[in-house]
Structures are given as structure tokens and as C-alpha cells.
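> Sequence:
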Amino acid sequence: MIQVIPLFLWAYLGLHLVQADTASLRQKFSALKIDAVFPGDPNYVKFSTPFNKRFTYQPAAIVFPNNTNAVADSVKVGVGEKLFISPRSGGHSYAAYGLGGKNGALVVDLQRIKQIQVDASGVAVIGTGNRLGDIALSLNSQGRRALPHGVCPYVGISGHSSFGGYGFTSRQWGLTLDTIIGHEIVLANGSIITTSKEVNPDLFWALRGAGSSFGIQTAIRLQTKTAPSQATNYAYDWEFTESELANALIKLQAYCMTDLPAQLGVDLTAEHDTFYAKSITTPQSAPMSNSSILAFSKLLINQGRASNTSWFVQVELYGGKNSAITAVGADETAFAQRAIFFTIQFYASSSNFAPPYPAAGFTLLDNMVDSIVNNNPSGWKYGAYANYVDDRLSPAQWKSLYFNNHYQRLTQVKGIYDPQNVFFYPQSITE
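Residues -20 to -1, 1 to 411 (mature numbering (1 follows the signal peptide of the UniProt record, and there is no 0)) make up the sequence shown, in order.
Calculated directly from the structure, the hints in this document are not laboratory data. These numbers were taken from a predicted model, which means no experiment stands behind them.
Using 30 Å as the maximum straight-line C-alpha spacing, the simulated DSSO-like pairs for lysine-lysine come out as follows: (1) K8 <-> K94; (2) K33 <-> K94; (3) K301 <-> K205; (4) K361 <-> K278; (5) K33 <-> K379; (6) K8 <-> K394; (7) K94 <-> K394; (8) K82 <-> K94; (9) K177 <-> K56; (10) K13 <-> K56; (11) K231 <-> K301; (12) K394 <-> K82; (13) K26 <-> K8; (14) K379 <-> K361; (15) K301 <-> K278; (16) K13 <-> K26; (17) K13 <-> K94; (18) K33 <-> K62; (19) K379 <-> K394; (20) K94 <-> K205; (21) K394 <-> K361; (22) K278 <-> K231; (23) K56 <-> K8; (24) K26 <-> K62; (25) K394 <-> K62; (26) K82 <-> K26; (27) K13 <-> K62; (28) K379 <-> K82; (29) K56 <-> K94; (30) K62 <-> K379; (31) K394 <-> K56; (32) K301 <-> K361; (33) K82 <-> K56; (34) K26 <-> K94; (35) K82 <-> K62; (36) K394 <-> K177; (37) K379 <-> K177.
Please model the entire structure based on the sequences and the hints provided.
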């Protein structure tokens, strides 16, 4: 049965308050018995420190609801105070979007919503306060079940699954979001609804590719897989010349285009270390040209080795023959990077990993991306991965690179479920 969305009878006037009424917020959350921290409180700095210290945002408050009803109450308070509201699952956004991506947001931290239940059919209901490591251990203990997901154990499930969810098993099992069969979500008016293919199907589509723009997910239903009895992980490290690196990439691309079992995932890394990030996804229909691979290799060997920043480049294979990701229809979910081959991630940080961030880091990564893009044919249709957030993209760029031709449909869904743009951040969907 299709659920009816309550009409929005309130008005969200103007912008959020530049300086929130802390006393009012404190009184309201205290009355609701929802734990919260505010600017000046002893734990405020601890809970407002981002994963990427290139950013320093000051939320109006950070609240810690214990259940879905408390999340709904938190949203109602935030709307009443005219605040933008930001859900935080694991807090690993590269651009600190879990803190709102700007000052003055109400952060709804989901870390206490941690149920993980698996039924006899292998369907898991996972609270969005869980992180990938805890999920993997819990699923394995409940009948040796598993999901495709990333390898960092501290990443939260909500953001990871909302924008894709790559992992070593993705070529065989697909993205994390491909296993989702439903959600429980709190909307901007405080109502609690569910989604599936049959229930609120437009929102179900949007949450699998652009999730955090529409509400606060509190639980996700996923169809788990049977965990393999064993897995093999291997790595090969070598010192390479410019031509050796280029030849390795060219041969890897050629092999993976024609003869690669679904069970095999590939992750080629050239590294120093982190932390401004960019990404590109290369189209399967038009692989990187040899000239672009040569230009990229030359830049890594020369400009990369001369840089005083710490950096790494990660070439991740998720497309190719037999990939479960590319087997899903282009419009089946809001995830727009189906027809891809490589996903390439670029990281760089200051040499001591501390602020301030050097301008040379931006230049180095921009040049890396340009060496690939500018040496492929004009009109080469590449994309980018929204979980590897690049905060320096223009609105036109991120809308195209992340969402491609799905963006217009996403704005229509936004207009239905969050017309006042309560769940705003710098790269959120806007009506």
C-alpha cells in the first residue's frame, strides 16, 4: 500500500539563523530527553571535529537521538528554529558534509541507532548508526552473511550506501545500494515513512544514489549474500619507471576489458598519502587512450615525485566483463555511474598532515585529472564518484559528474519530500 505524504503546512522562512538561539535549543532538547552538545560545552570540540581537518565548521548543536521517534523530534526542533539539518552516520565525508558543510547546522548524529537483525531469508535491517566493520562482524555471526561494501571499518552505512558503496566484492555482488530493498526515513516535516519498490518508489529510487538530500534514514533493509568460505587478498609492490607504469595500466585495462571473472576485484595504488580528494570514473565504452595513460604516468613520475605534499592515487576496477555493477539498468537507481570501467581516486595532503592545506596540493590533483581528461578525445564522457567528494567542483560540474541526466528527476523528488530544502549541504539536490 502506498503511503501518503502529509502536506507541509509550515513555512520555512528565510535562511537558517547565522547564530542559533542556543538557550532555546538547549531547553527543547532537554525537555525531549535527547542528549545534545552546544558551542562552549566540554565535548563540543570532540564531536564537531571533522574527519578531514581541512574544514572547521561550527554546528549550532549536535544531538544524539536513541531511536527513530527521537530523530523525528529532533527534526521538528530544527525546523522550528529555522536551521538546516544534517544527518551524520559515520562522519567520514571528505568535505565534512556530516557537519552541514557550513556553519550553523543542526547535526543529527545517528551513532546510537545500531540495531542489526537478519531474518531467515537473509534480509538484514541495519540501523544507520552502524559502521562497516561492525556490520561485517555482525552479519558473519548471524548465519555467515555478507554485503558488498568498502574496507574501511569506521565508515557509516548510511552515507556509504546512499551514494554507491564500492568494495572488493562489487564486481560480483554489485554496490551496497544494489542490495537495498527498503528504508525507514524521517522527512523534513517530522513524519516517519518507509520505502521500497512498491512503497514511495520515487523516494526509494532517489535514496539509492543521492540519499542525504531527502531526509534522515534511520534503518535500511538489505538483502545479504552468503559469505564465501574463504577469500584471497594479494598485493604487488614495485618501483616503476614512467614507461613501466604506463605499460602496466595499458595492459591491465586491456585484460580487464576482455577476460575478467566477476569474483576478481582490482585496486592499483600509487601512494604517498592524503587529504584533498578528487575522482573520475572512466567510461567502459571509451577506455582511457594510451596517450592519456602515458601523460598521466609521466605526471606521476615527474611532478608527483617532486611534490612536497603527501599523496596517493588509487585505480579501482569496478567495470569490465562480468561486472554486477554494469549489469544493472542505467535508470534503475539514482546512481549514475553504471557504465564505468575504472574509478580513479586522487588524494593529497600537507606533508605533516596538519592545517594549513598547501595550494600545491590542489594544483597537483587538478593536474593529475587534467592529464587524463585532456589527453582523451574531445567530449570524452567521464564522471566522478560522490563519496569521494570534491568540494571545489562548480555546481554545474558536480551535478553533471555525480548525477548526469538523473539530476532533473532528483530535483522533482526533492520538491515532493523536502520542498523547503531543510536537508541542505553545499552539494545537495535542490529543487
